[in-house]
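**Q** Chain residues, written in single-letter form:
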Amino acid sequence: MNESSSQDVTKLLAEWSKGDRAALETLMPLVYGELRRVAGRYLKQEKQGHTLSPTALVHEAYLRLVTQKLPWQSRAHFFSVAAQMMRRILVDHARSHQYAKRGGGAVTLELTEAVATPARREIDLLALDDALESLAKLDGRQSRMVELRFFAGLSIEETSEVMGVSAPTVKREWASARAWLFREISRGSVDG
Amino acid sequence: MTAEEWVRVREILERALELAPEGRAGYLDSACSGDSALRREVDSLIASDEQASTDFLEPGAFAPPEAADVCAPAESLAGKRIGAYQIVEEIGHGGMGSVYRAVRADDQYRKQVAIKLVRGGLGDAFRRHRFKAERQILANLDHPNIARLLDGGTLEDGQPYVVMEFIQGQPIDKFCDSRALPVSERLRLFRTVCSAVAYAHQHLVIHRDLKPDNILVTESSEPKLLDFGIAKILDADVAAGSGNATVTVLRPMTPEYASPEQVRGEPMTTASDVYSLGVVLYGLLTGQRPYPGTSRLPHEIAQAVCEAQPEKPSTAIDREEARPENREKLRRGLKGDLDNIVLKALRKEPERRYASVEQFSEDIRRHLKGLPVIARADTFWYRTGKFVNRHKASVLVVALAVAALVAGLVITLRETYVARCERARAEQRFNDVRALANSLLFEVHDAIQNLPGSTAARKLIVDRALRYLDALAKEAKGNLSLQRELAAAYQKVGDVQGGFREANLGDTAGALVSYRKSLAILEAVAAADPANVEAARELIRAHGKLSDVLILAGDRAGAIEQSKQLVAIAERLSSADPGNQAERRNLALAYLDYGFKRADRDQWQAALKDCQKAVALLESVVAAGDKKSHRLLALAYSRTGDLLSRFAHRHAESLAMHQKAIDLMQSMLIEDPDNTDLRRIEAWEIVLTGDEIGGQGDATMALEKYRDGLEKLRGLSAADVNDVQVQILVAIATGRLGSAFLQQGNAKAALVELENSLVQGRRFSKPGSANADLAWTTALDEFQMGQAHSLLASDARLSPGIRRENWQQALECYQRSLPDLTAATNGIFQEMAQTTLKEARSDMARCEQELSRLSTSRR
Chain A
14 MNESSSQDVT KLLAEWSKGD RAALETLMPL VYGELRRVAG RYLKQEKQGH
64 TLSPTALVHE AYLRLVTQKL PWQSRAHFFS VAAQMMRRIL VDHARSHQYA
114 KRGGGAVTLE LTEAVATPAR REIDLLALDD ALESLAKLDG RQSRMVELRF
164 FAGLSIEETS EVMGVSAPTV KREWASARAW LFREISRGSV DG
Chain B
51 MTAEEWVRVR EILERALELA PEGRAGYLDS ACSGDSALRR EVDSLIASDE
101 QASTDFLEPG AFAPPEAADV CAPAESLAGK RIGAYQIVEE IGHGGMGSVY
151 RAVRADDQYR KQVAIKLVRG GLGDAFRRHR FKAERQILAN LDHPNIARLL
201 DGGTLEDGQP YVVMEFIQGQ PIDKFCDSRA LPVSERLRLF RTVCSAVAYA
251 HQHLVIHRDL KPDNILVTES SEPKLLDFGI AKILDADVAA GSGNATVTVL
301 RPMTPEYASP EQVRGEPMTT ASDVYSLGVV LYGLLTGQRP YPGTSRLPHE
351 IAQAVCEAQP EKPSTAIDRE EARPENREKL RRGLKGDLDN IVLKALRKEP
401 ERRYASVEQF SEDIRRHLKG LPVIARADTF WYRTGKFVNR HKASVLVVAL
451 AVAALVAGLV ITLRETYVAR CERARAEQRF NDVRALANSL LFEVHDAIQN
501 LPGSTAARKL IVDRALRYLD ALAKEAKGNL SLQRELAAAY QKVGDVQGGF
551 REANLGDTAG ALVSYRKSLA ILEAVAAADP ANVEAARELI RAHGKLSDVL
601 ILAGDRAGAI EQSKQLVAIA ERLSSADPGN QAERRNLALA YLDYGFKRAD
651 RDQWQAALKD CQKAVALLES VVAAGDKKSH RLLALAYSRT GDLLSRFAHR
701 HAESLAMHQK AIDLMQSMLI EDPDNTDLRR IEAWEIVLTG DEIGGQGDAT
751 MALEKYRDGL EKLRGLSAAD VNDVQVQILV AIATGRLGSA FLQQGNAKAA
801 LVELENSLVQ GRRFSKPGSA NADLAWTTAL DEFQMGQAHS LLASDARLSP
851 GIRRENWQQA LECYQRSLPD LTAATNGIFQ EMAQTTLKEA RSDMARCEQE
901 LSRLSTSRR
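Protein chains in written order, with this note's numbering: chain A, 14 to 205; chain B, 51 to 909.
Bear in mind the hints are in silico, worked out from the structure with no lab data behind them.
Please note: incorrect hints may appear among the correct ones.
Stated by the list, open to error - Interface residues of chain B toward chain A, partial, derived using beta-carbon atoms under 8 Å: (1) MET51; (2) GLU64; (3) PHE106; (4) PRO580.
Note that beta-carbon positions come from the ideal geometry of N, C-alpha and C, so glycine has one too.
With the sequences and hints as input, model every part of the structure.
**A** So, in structure tokens, the structure goes:
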């Protein structure tokens, strides 16, 4: 990331915060590109068994793109865009590797791995993506909330600011969305 | 469910989740009054909430500090009294504790003080004594630029506190920026700071945590240093050395200002303060940190501090955007002396920094006066990183640093949880620690898992996380999900000690102990909550891991017993929910495991039944439309074929099984031609048909199959050179090709392929490697190279010299194969290994006989 584009991002974010929609158009490819790059590096390692932390990815992209501290308003904008993109990048990746990920071992060697059900933190991104789609049909706001929390790592308070709803509401709706998603994802693995 | 229905369910669910678990039933009775479908739905979601682990979908624990601060609970000590002081308000909190503004209650002048409550108890008399002694030393520091330590003591519950002079001011960097001070002014201010630090050093006190937030500048431009030696007070606890998890062994620090030796956890000296002052000065001059491009993730900072060369201040200002108008002037001012001065303070090796803070300060004075300075640019020799390479922070160091950084949040659990009785805060702390422990286990650990040489660091991290969880679990015995986390932690420890599938410490005995602990916890959880399906699945995993390691430990009977239990649980889960395809799939996996473990001369028929059950289950699962199980079904076919072939020599039936696997893969590949995983299985199964065809006596056709499979595997390997698994398969298949040549009597071609296989295989077989197939292949390669040399040596047409040489080489090959063959007698190739070992020994005897015969005949 060179300095000039870092300034660009900062400037664009500021303009967008002020309501300039055109700034968003210019901003998206920049942010997307950087997220792809950062994610790509991690995804390469993921092959060797790394666990992905989308939060870390988004924050790393943020730090690379925006080298100076921005007012919260601009950061909030950034993260709300980044959350959606991060979801897309990770899900695309998971989809393209869905066989490779489950296998990984030589045929004769993989049994123990297969018996071991996935470790707790490894969320099946594809299942989550599907579940989020379904949730969006029930309640679009909750689906977006999860996107912000999980894919951009926003806290309850930050999510509340980005979405313009009170923190207690976020907390409540987050809890029910979580329960619903967990059930949906476990069901998914059960059925398939 | 429709959106309208969800609204209803959600409202009741959200209310219920806010209630304590015991109060929910009553609420639900009335809220769902009579609507049993609604009630079932809400109940199922509540159950799902309980099953989800605490960190399900939670953002990572390494969110930036701002995010964490937002959630920090407000302290409610305002108005309370500590000693002679009355708390007014909280003015800050951090890793070490919280700071309050307070007034002396009995003082008519209402003199203001700052009170720092230090987290962590003082335990025994020895520590209390140390704490008091340290306080006394600090109280003796009397310098106009050091905030005085006025008093200190412990609260009734043993929590230590110190009372300090209250300073009203701005951190030095903000102070300089807000007044837009020129460089020379900044340097003068900084020299005053140096004089205070130098004074403390003369009194044998090291600050240990110098950073702008600890250097306040008052309205009258007087810098005042805070928190002198406070870190040392905490160290007093450490020095007393107890393994008590409630007292951290790792001190919190501010990574951006910490010196390399501090990051490494090495002893700190006055040179460490010189380094931190260097970072402070760097910031004052450039507005930047010394290491560009470093994120705020603690382990990256730690690594940069230990390894990266700081950027010159004169070029770092390009990153500063605040003062572009006079950047060029600034650059000229910094270039040369100031670059050298700052970089000298920031050297990685303490002995190459300024010898003292006075010397540092003196060099700045000389610069201000236009005199030559003692700091010189680093020589080329150093710049090329010779030192850094020599002292490259090991993975362990970085890991230690990360652990130290998170430790700040972990310091007290017991005290907070039990003694302080502020329930909300204690819960917050409890959850913080839990999240951190899990983050250590599942993020930090996983992040370094594949780094070479990280095993020891992984052990440390996992141990540490385990201690935290263990302490938490003691506080919350009835908390089942916490118990499950603890079990997962023991499993990770076991993995690191001697896991079946990953790089490990080779401590099989230790791994057994850890896995057994994990199993015991999960058994207790399952007993307490028999309906919990998730816990039952974890129990299956625990049995599986234990079983695998028992194989490594040579206890096959034990391994089989564990696998048997795993099957029993899987059977129970599946029969409780017969239509559930995932449970059927898991049951099939369990049968495959059991069959795999029982594959020996005595039990192979039972093992065959296991595999056939797995085949039947998987065929039905696949027929039900589950595409994910195809490859597993292929595996089940393959295993069934393997048993038929190995123990009954029913090669035709076995061949049919492998052919089924191939057909299955090929039908999948029509839809998904780019799927390398399917291609790999296809190629490998073709290799296995070669085994069966060879077993039926057709060596030429077998050779063809091996060539075909190998060609496919090589294609895959070329397409992705990083795919280790496929390269391992290439090595294994090449060995098969060599064997086939040998069987045809083509010793020379056999030698070429066997050696190829051995060389490739050796690249991937690491010590302690759990890849039994590969280990077996390389053992066989050596053995068969011995056979090939023997074959050549037996050729009477060759000259005695060449024959002698081949006998000699055969002997050496056999000798080299012995340790590997012996090792294999413990594993899944037990029987073949024992037979082969016998053969090798008798062949060796023959070699020796022939050699001595040839040498006698020569004489």
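**Q** Now, for every hint given, state plainly whether the structure supports it.
**A** Right, here's what the structure says about each hint:
Of the supplied interface hints, the one on MET51 (chain B) holds, with its beta-carbon coming within about 7 Å of a beta-carbon of chain A, less than 8 Å. Here the hint on GLU64 (chain B) is kept, as its CB sits about 5 Å from the closest CB of chain A, short of 8 Å. The criterion of a C-beta within 8 Å of any C-beta in chain A is met by PHE106 (chain B), whose closest approach is roughly 6 Å, and the hint holds. Against a cut-off of 8 Å between C-beta atoms, the interface hint on PRO580 (chain B) is violated, since the closest Cβ of chain A lies about 18 Å away.
In summary, the one numbered hint that this structure violates is 4.
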